[in-house]
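Heads up: the protein sequence lines correspond to chains P and W, in order. Using the numbering used here, you'd call the opening residue of the first sequence number 1 and step up by one each time. Using the numbering used here, you'd call the opening residue of the second sequence number 680 and step up by one each time.
Since the hints were made in silico from the structure, they are not lab data. Since the structure is predicted, the reported quantities are computational estimates derived from the model, not experimental observations. Please note: incorrect hints may appear among the correct ones.
[What the hints assert, rightly or not] Derived list of chain W stretches under chain P, where covered just means 3 residues or more per stretch with a C-beta under 8 Å from a C-beta of chain P:
hint	region
1	1169-1180
2	1190-1196
3	1255-1269
[Claimed, not checked] Computed, partial: chain W to chain P, Cβ under 7 Å:
hint	residue
4	Asn854
5	Glu1019
6	Ala1184
No residue lacks a Cβ here, since even glycine has one placed at the ideal position from N, Cα and C.
Number of protein chains: 2
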Amino acid sequence: MSFSLCTSWVWMLLFLGCTLGQSKQTRSAGSDVRNCTTVPPYLPSTVTNTAERLQALRQRMQFYKIRAYIVPATDAHMSEYIAEQDARLAWMTGFTGSAGTGVVTLDKATLWTDSRYWIQAERQMDCNWELQKAVWIPSIGEWILQEVPAGESIGLDPFLFSIDNWKSYSQALRNSGRNLIPIDINLVDLVWDAQKPPPPTHSIYALSDEFTGNTWQNKVSEIRTQMEKHPKRPTAVLLSGLEETAWLFNLRGDDIPYNPVFYSYALLTKSNISLFVNQSRLTQEALQSLTAGCPGPLCVRLEDYNKVKAHLQNYVQGDIRVWIGTEYTTYGLFRVIPEEKCLQESYSPVMTTKAVKNTKEQELLRAAHVRDAVAVIQYLLWLKKNVPLGSVNEFSGARYVDQLRQKMEHWRGPSFETISASGLNAALAHYSPSNVSSRKLSVDEMYLTDSGGQYLDGTTDITRTVHWGAPTPFQKEAYTRVLMGNIELSRLVFPSGTSGRMIEAFARQALWKVGLNYGHGTGHGIGNFLSVHEWPVGFQSNNVPLTTGMFTSIEPGYYQNGEFGIRIEDVALVVETQTEHKVGDKPFLTFEVVSLVPYDRNLIDVRLLSAEQIQYLNSYYKTVRQHVGPELQRRQLQEEYEWMRSNTEPFSQGVLVAASLGLLAVTILISEFLSNLQA
Amino acid sequence: MSFSLCTSWVWMLLFLGCTLGQSKQTRSAGSDVRNCTTVPPYLPSTVTNTAERLQALRQRMQFYKIRAYIVPATDAHMSEYIAEQDARLAWMTGFTGSAGTGVVTLDKATLWTDSRYWIQAERQMDCNWELQKAVWIPSIGEWILQEVPAGESIGLDPFLFSIDNWKSYSQALRNSGRNLIPIDINLVDLVWDAQKPPPPTHSIYALSDEFTGNTWQNKVSEIRTQMEKHPKRPTAVLLSGLEETAWLFNLRGDDIPYNPVFYSYALLTKSNISLFVNQSRLTQEALQSLTAGCPGPLCVRLEDYNKVKAHLQNYVQGDIRVWIGTEYTTYGLFRVIPEEKCLQESYSPVMTTKAVKNTKEQELLRAAHVRDAVAVIQYLLWLKKNVPLGSVNEFSGARYVDQLRQKMEHWRGPSFETISASGLNAALAHYSPSNVSSRKLSVDEMYLTDSGGQYLDGTTDITRTVHWGAPTPFQKEAYTRVLMGNIELSRLVFPSGTSGRMIEAFARQALWKVGLNYGHGTGHGIGNFLSVHEWPVGFQSNNVPLTTGMFTSIEPGYYQNGEFGIRIEDVALVVETQTEHKVGDKPFLTFEVVSLVPYDRNLIDVRLLSAEQIQYLNSYYKTVRQHVGPELQRRQLQEEYEWMRSNTEPFSQGVLVAASLGLLAVTILISEFLSNLQA
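Same shape as in the complex, but just chain P:
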């Protein structure tokens, strides 16, 4: 998936890709579905009355002597998905979209969100809230400068802002005479109070060795080795990303949707390990795993989740240096650490180590993708049979593919909300159907489905776009060019250490050539039964260089406003490749695609493909047959097996030659050949 219900740094960075080059639109444009000028205002029935909440919040703001309060849509771990207890922005505004920022002053309240959510926001917010059609912190800053007089203060909860976000707000207000004030108590929580949903209580469990490939003790030792080797000699690593603790300790939970993680922090020193988590939620087995080495350097001391700040305050009294990842550590924790005792890097060593999967993890991810391919193939065949009957809509389709995955071994849930979009709905690159508004699938429209599963052995994410009738020539061309982009990046050979940013244009070249493009990023890392968007791997400018063992999605697309949308997404492993020559010591790399579902032949215009692209496709088809074929047969899915076989027929050598020639060249060659015969 390239778009999701995401509120956080992960999504913001993908969005940077999306809006690249778009003009910054900062004012509401077009007609609001609300009419706030009449008395009483006209409002859809879907709005939430926020008058009382705002009044209560403003009272708190006055108590703290602030003129504006910023409410973000994330949690204290900069998570992409958040639990209900963290849905403060939704509660304050009525708006339930995943991305946005609210700012409340003593007389105004404004929500900033991106184009995906403009209509939804107008349908859900009452007239107390104004909508700003932008997401850039500088535009929020400009608004604050207009609304808040110099000499006054703006408050925020420092535990809901990353260091980088805090700096952006500081920058926007710098030298303006306004003060940005961190207030440790969350003012929305004070108002929400008794109505606030309780913290999650699901148990936190240990992932068995067969799904990890490495004990947590080994992982801890590896991280400690990296600490020792670091020239700045850190004495501790602070983990505040939920994926970090889950991965390091081989634990999983169900605290937030789609990602099997749990609220926690950790402080790992050379001799101690403190895990901040609600201890009562650990299963017996998990507890035993963590404490088996006690006392000793591989003993995990369990401390209360809420104690992390106090513990850190105490720790930094000593002669220490704490290594943090600035991309996702909150300003609230950061400011506890004296500057000279803080080692700031974009990512912690846990984040970068996790990014490189070990051999066992690679095997597991491959296996999960084979089962996932079975589910998607079942779905595509089902669609082929049922769409012509008019019995499928976007929502029922999404539900069905989720159900197919559910039957697979090791399934634990979807890895994000399934995107199932027909016709013009797919042009909104992010779109999820609901029970109340869902378009019927038709043989006359293209259909895009982007979905994934959480399995104990891996996380999957795949997008296929299909057409069961007669696509227009332009639809075929656009689809083929998206596929060419997918192929060109997938088959690229590049030196170890190349950054994703340097090569992502190979996924765009075929589109660019004819004046087309897509407005989102080209891919993201993916976890082993962890986040479907796993940093720091990917093709954005702040991703780390690509090395063997990393997994990333590859997902070019094309979106024709009001008509159709195309995306072709696979997950691929970075692998070493043998080259004819070799310069330098470092290996050359390429991608091994592990998503194994055929592309729609009805949409491929073979004439556009180069001979090498056709060869690549044929080789991919062979891999699908080799890996998914036996699995389909084992499950006695004979019809699916036949469908897969017919959709992975190699393109003939004749087609291959014709493709590489074009008609003109064929003619010339044949005439030359004939004239040679005559000579």
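We have chain P already, so just place chain W on it with the hints.
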């Protein structure tokens, strides 16, 4: 050219490309040509005795209570080339290479430089100087931490360090208990004193309208408009890059080698223009041009070059905001400006405006390249005739091509030191021959020549690699793949606003495919009778996005250590292109190559090229014929004309078809065709 005598930020950034992925080597390795362990030490006759200089410097250091002093190799404008008066590092060390940093403590002296200069440094420095084989500021910082105890201070001249370099040193020493002290008086100058070369005295002249396409008054008005439109409302722009003042005021000088600029600063406010320059050096015409509008907002007030700091100190007392380019403004000027009054962007609006050439400038650059192509074609033909006679060496070749350019209209000098490298010498991507050591050119070796001219109408830079005998299959393959890289980037279509970094890998793909690569950047901006390396255009991560009207070099290469080197460099203009479809409002772009010299057909393996690449080559050949043909004929260079014609013969359609097929595919097609005939 991709490498040059360059000491500055420009080169350092190219070098980032060069060393990408190389392991950081910080200690001397291999045998030093010096033997400093014997008494007396063994030293080459080429070393400079630095004992007295060092002693004198150390006395000054003690006076200023510093334990280490950092001596860089640049000037107060972060120039790529420097005048003799600024060659402080060379004078202190004896080492005359263009890139390096010296650090002197009370008992040690160490030079950091990159691999191009290791041997030269050991030949030129006496045993007072140690060589460190690295260029990274963090490695210099580590050394300082070892040599300077906590509590002590390290000094530097803040006018010789950019803001960013200052920050890097600060970062390297942060929280270490050592203090970095800016000392406005340069300590090397105090010691150098009477021996120091005098400042340049050449006159500074106005460039006539026929060579600018815009009056300086219009340029000033444009910059003022940008100031007014900027949301941060700057009241002034500070210009400290020498290209900035030269371009803005349509003036040129000869203060530093190769670049026609002059020592100066400027402060441009909404109502005033102050140019800091030695007034007596201006020609009458230049003086008149600058002062014709006095008094008034388009009157240039001339102030002494040395008054810039005092003037700025006075200016910042007011309610002002100064816009500076942080990539090249010195810390010395930066620290005069209170933080809240400083608008920091990577580049000033003069730098970014200059980067986009107006229509007249584009025409001029094209015209300069046509004359330049004549000179290079004359040279290549001369080589072809004389190399087999054994009468040419690298140095005489370099001199000859310089002389050919000298005969061209508007010639003002070479745009950098000509690179002329035969056989294994070309594997040192940067290499210039000298009178004392110069390799004979031979039909048995490849030869690389990278050279350019300064003409009143433009600056040129072109590299061609040739072989007059029988290249090995690997040499042909490598050359052809470098050419494929040049072609793939040159013919790429991409959306307006794409950064060079995102597309430079197209110049590498053909090499990567077989495990080859090159270790330098892929291109750089170029001026109109200005710098041959003109920022901020290019393919590095800190270059600005590409837009219509920018010129950049495109110069992939391949270097086989100890054997040969290949680089194929052209200058290209970014132009709009029409695409079959079009998404969004912004134009799609491509490159128009303006360097018009045929590539060496003896080194092209046509079988490796795709049909599209051959078509591109044929179209390039046509352009060369159209533009250079008439010029050669006008000059009655008949033999050169014939040579050009025979080297721009289009590849036949048959070749084109064969290339797109490969032999196997041809066979298949023909057999299919025959079987159809039989059927």
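Each hint tested on the structure:
With 8 residues having a Cβ less than 8 Å from any Cβ of chain P, the region 1169-1180 of chain W passes the three-residue criterion, so the hint holds. Evaluation of the coverage hint for the region 1190-1196 of chain W: fulfilled, as 6 residues show C-beta separations to chain P shorter than 8 Å, against a requirement of three. Counting residues of the region 1255-1269 of chain W whose CB falls under 8 Å from any CB of chain P gives 8; the rule of at least 3 is met. Evaluation of the W/Asn854 hint against chain P yields a held restraint, the C-beta minimum of about 3 Å falling below 7 Å.
Taking 7 Å as the C-beta contact cut-off toward chain P, the hint placing W/Glu1019 at the interface holds, the least distance being around 4 Å. The beta carbon of W/Ala1184 is positioned within 7 Å of a beta carbon in chain P (closest approach about 5 Å), and the interface hint is therefore held.
The structure shown violates none of the earlier numbered hints.
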